[in-house]
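Undergrad: This is what each chain is made of:
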Amino acid sequence: MSTKILLQLEGVSKEFPGVKALSGVDLCLRKGEIHALMGENGAGKSTLIKVMTGVYKRDSGVMKLNGKEIQPKSPLEAQQLGISTVYQEVNLCPNLSVAENIFIGRQPRKWGMIDWETMNRRSEELLARLDLYIDVKQQLSMYSVAIQQMVAIARAVDISSGILILDEPTSSLDTNEVKQLFSLMKKLREEGMGILFVTHFLDQVYEVTDRITVLRNGTLVGEYKTEELSRTQLVSHMIGREWNPDELSGEKSNKTASAEQFLRANGLSKKGSINPFDLTIRKGEVLGLAGLLGSGRTEIARLIFGIDKSDSGVLELGEEKIAAMSPQKAIKYGFGFCPEDRKVEGIVGELTIRENIILALQAKNGLFSYIQTKKQKEIAQEYIELLKVKTPGTEQRIDNLSGGNQQKVILARWLATQPRLLILDEPTRGIDVGSKTEIRKLIFNLAASGISILIISAELEELVNCCDRIVVLRDRVQIGEIAGSDMNENRIMQMIAEGAGVYGKSGVIGA
Amino acid sequence: MASLASSVRRVTKYKIVWPLLAMAILYLFNLIVVPGFFKIEVIDGHLYGSLVDVLNRGTPLIIMAIGMALVIALEGIDISVGSVLAIAGSMAIFMLEGHSLWVAILASLVIGLLCGLWNGMLVSILGIQPMVATLILLTVGRGIAQLITNGQILTTTNKGYEFIGKGYFLGLPFAVYIAAAVFIIIYLLKTKTAFGLFLEATGANRKSSEYAGVKPRAIFMSAYAICGLLAATAGIIYSSNLSSADANNAGLWYELDAILAVVIGGTSMRGGRFYLGGTVIGAIFIQSLTTTIYSLGVPPESILLVKAFVVILVCLIQSDAFRQMLTFKRKVTTS
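Listed in order, the protein sequences are those of chains E and Z. Under this note's numbering, the first residue of the first sequence is numbered 4, with each subsequent residue one higher. Under this note's numbering, the first residue of the second sequence is numbered -16, with each subsequent residue one higher.
If we strip away everything but chain E, and leave its shape as in the complex, we get:
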């Protein structure tokens, strides 16, 4: 490994009204290394990256590129300096072709016109470097999110002159795609590129990175060589206390689910989305939905909460039979739903934390039984304290919060309605280890207090840890169910792989 330093930050600070987001942070990115930037939500990773890419102006500190001090004022300027970034959410134009996306703003020209031939050819060459062989003339939205992510990376690599920042690029990729991405990253490292890699997955850090910089609460904890830092140490550094992996399993055994049935879905289905399924959720039970992406996990949640309308089947709630569900009805019955895509379906970015928390309760109460502002503030403050949301106050805009804290606010929104059933779709996606533990603990406590919980997660380990029972899905068909000591990751993976015994039977229903 070469020791030439590409990008160096010293004592960088950045303050927002009421929050010190970064104070005196150092970072050193060397030539030919993959450098992990780790920290909990709200540790300052995103802010640091935004300072590096010119989105924010730093308040103080030095940033040197190849020994020369720089002060990028916009992402464009940072790009011109050779710092390019791929963000967690794909930042491309879905309505343009793949090639157009790669060359947007810098299309090759011929006699003043766009040279389509060169553009398409060079796009193909670029993608071939990533082992990606697709039709670059197709509209981007034709491809999966994973491929779109690869296109974004191809574009970034082409623009970059030595520095690439990947901000949680793997959160929407499956295992194979992650592997593909990692081999690409390793290849780029061989070529001498410095890659800054932000992720929440510890395994990925150990698989691919050379060094780790850890942030906590806006300050630098330290820089470590990956091989010299154990996982337990890393997690301790991140959350600032000793981490005990057994902490969770201990609590779980304490609780027992009651036998009282809360909700029953009878043959619920929607064409093209999910085949008929039967579910029973007991009072105070944590029921998990396991399956691969596209297996129908989210679709089940959307049917139960009434966002999508079912073609057949009924929901039974005690004596009541409900054929046509809607979100308003679901809320009246005491359901709450934390959607998978927090930004688009969860938060109302422009409004304050207070308004975001109060929204569902107010909608439940109706237009005219207005909750007075003072009362609203009390409710918001109560849940901010209960869920330990990191914020200076109830009147902050919610989009100023980090992802994990936003998720807590959405949870607070539903808790304020005193729910009887909470549907949590990927409640801990994109959230750091510490908040994850907190949210999982909260799930136990809620279940213990009698709330039923339906949880969807791509992390099997999370389901096994949290759930009393797990329903396994594959290709939009419910293929089986496991509970108790049968629940382990291997068993679930085996079921998904083999389709279990029931698969044939359900297949007939589906056909």
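In case anyone wonders, no lab produced these hints; they're calculated from the structure. One should not assume that every hint holds.
Non-contacting residues of chain Z with respect to chain E, defined by C-beta distances greater than 12 Å in every case (computed) [said to hold, decoys possible]:
1. G186
2. V197
3. L239
4. P283
5. V294
6. S302
In silico SDA-like cross-links for lysine to any residue, where the CA-CA straight-line distance does not exceed 25 Å [as the list claims (entries may be wrong)]:
7. E:K380 / Z:R189
8. Z:K190 / E:G369
9. Z:K175 / E:I382
10. E:K367 / Z:R189
Derived Cβ-Cβ restraints for the label pairs, each shown as a range [unchecked claim]:
11. E:G108 / Z:M252: 21 to 31 Å
12. E:K23 / Z:D303: 49 to 59 Å
13. E:S63 / Z:V0: 25 to 35 Å
14. Z:E58 / E:E323: 34 to 44 Å
15. Z:G110 / E:K7: 50 to 60 Å
16. E:E80 / Z:L9: 31 to 41 Å
17. Z:E58 / E:K76: 44 to 54 Å
18. E:N94 / Z:Y277: 43 to 53 Å
19. Z:G150 / E:N94: 58 to 68 Å
20. Z:V281 / E:D118: 46 to 56 Å
21. E:Q421 / Z:K142: 57 to 67 Å
22. E:N448 / Z:L97: 51 to 61 Å
23. Z:Y277 / E:D118: 51 to 61 Å
Using N, Cα and C, we set each Cβ at its ideal position, and we do this for glycine too.
Keeping the supplied structure of chain E fixed, place chain Z upon it in accordance with the hints.
TA: The following block gives chain Z in isolation, referenced to the frame of chain E:
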């Protein structure tokens, strides 16, 4: 100095500061350049003068702009309000022939409400883009008004009706009280019911709001319905003031002034937060500007140009990016 700077910063956080500042500058200009602009006379116990004139003539715009603010908060727009004004005015004066005053006013308000519901239905149920959806009524609206008036300019001599737009009550034009009442009702609706929260939430993120139990369709329908109803109210005042209904020219281009008033008031065209007080200030500013230009004796052919120039200035003052550019330059010159 530092405390002054920080208090300036604190004050400028409120959106209403910028339209107020623009208005202050405009009135300062009038104080210096237009003699007698601030003069208020009492004739027969009624107040007269340019300022009263601004308020009186501005009422249809103020009322219309308040309705427009609700629609813009939903990332929408209603460009049909000028036509609805014409329809409502025509309807009222048409009904005055042979019906009582109250029936005429009620008929006029009902037709405005129907126009609003029509727009709301196109936008929320059929999912047509607001600009296109309300374009339909913008075009066809004046046709409907012509059908009502049978292509003529209708006039009325009903004293009760004329009082609405021309009468005086406790020294002030009666229409000013109507505008104040409209403002207070909508303000109470915003702050004392959950309507404000639902409207802003739906405007900022429709999906999230729907998943939280808000009914976006109902919110859309009510916002457009109120907008139509208020446009009709403006139409009644407008036609009453002229004692006539002109299907072709009544409230022509008013929709644009209404939109401008909302934007000057600090509400973003991208929806979400909306500001009623700012909208009223914006509307009064536009009316003041028009009155100022007339008092200055600007030749008629240049009036629109002058107006455009001032509007550009106001929009620039409001733009954060522009202000940042100014402060940035200042820093460079002092260092």
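Undergrad: May I ask you to check that Z:P283 keeps its beta-carbon over 12 Å from the closest beta-carbon of chain E?
TA: Its Cβ never comes within 12 Å of chain E, the nearest being 42 Å, so this holds.
Undergrad: Just to be careful, I want the Cα atoms of Z:K175 and E:I382 compared with a cutoff of 25 Å; is the pair within it?
TA: holds, 18 Å
Undergrad: Range hint 21 to 31 Å: satisfied by the CB atoms of E:G108 and Z:M252?
TA: holds, 26 Å
Undergrad: Is the gap between the beta carbons of E:N448 and Z:L97 within 51 to 61 Å?
TA: holds, 53 Å
Undergrad: Taking the CB of E:E80 and the CB of Z:L9, does the distance hold inside 31 to 41 Å?
TA: holds, 39 Å
Undergrad: Taking 25 Å as the top limit, are the C-alpha atoms of Z:K190 and E:G369 close enough?
TA: holds, 18 Å
Undergrad: Checking the smallest CB distance to chain E, is Z:G186 really beyond 12 Å?
TA: The claim breaks: Z:G186 does not keep its Cβ more than 12 Å from every Cβ of chain E (closest is about 8 Å).
Undergrad: Over 12 Å to the closest beta carbon of chain E is the bar; see if Z:L239 clears it.
TA: Holds, since 26 Å exceeds 12 Å.
Undergrad: Could you tell me whether the CB distance from Z:G110 to E:K7 stays inside 50 to 60 Å?
TA: holds, 56 Å
Undergrad: For Z:V197, is the shortest beta carbon distance to chain E beyond 12 Å?
TA: At about 5 Å from chain E, Z:V197 fails to clear the 12 Å cut-off, so the statement is violated.
Undergrad: What's the verdict on E:K380 and Z:R189, does the C-alpha distance respect the 25 Å limit or exceed it?
TA: holds, 23 Å
Undergrad: Assuming the hint says 34 to 44 Å, is it satisfied by the Cβ distance from Z:E58 to E:E323 or not?
TA: For E:E323 against Z:E58, whose Cβ atoms are near 37 Å apart, the range 34 to 44 Å holds.
Violated hints for the displayed structure, listed by number in ascending order: 1, 2, 12, 17.
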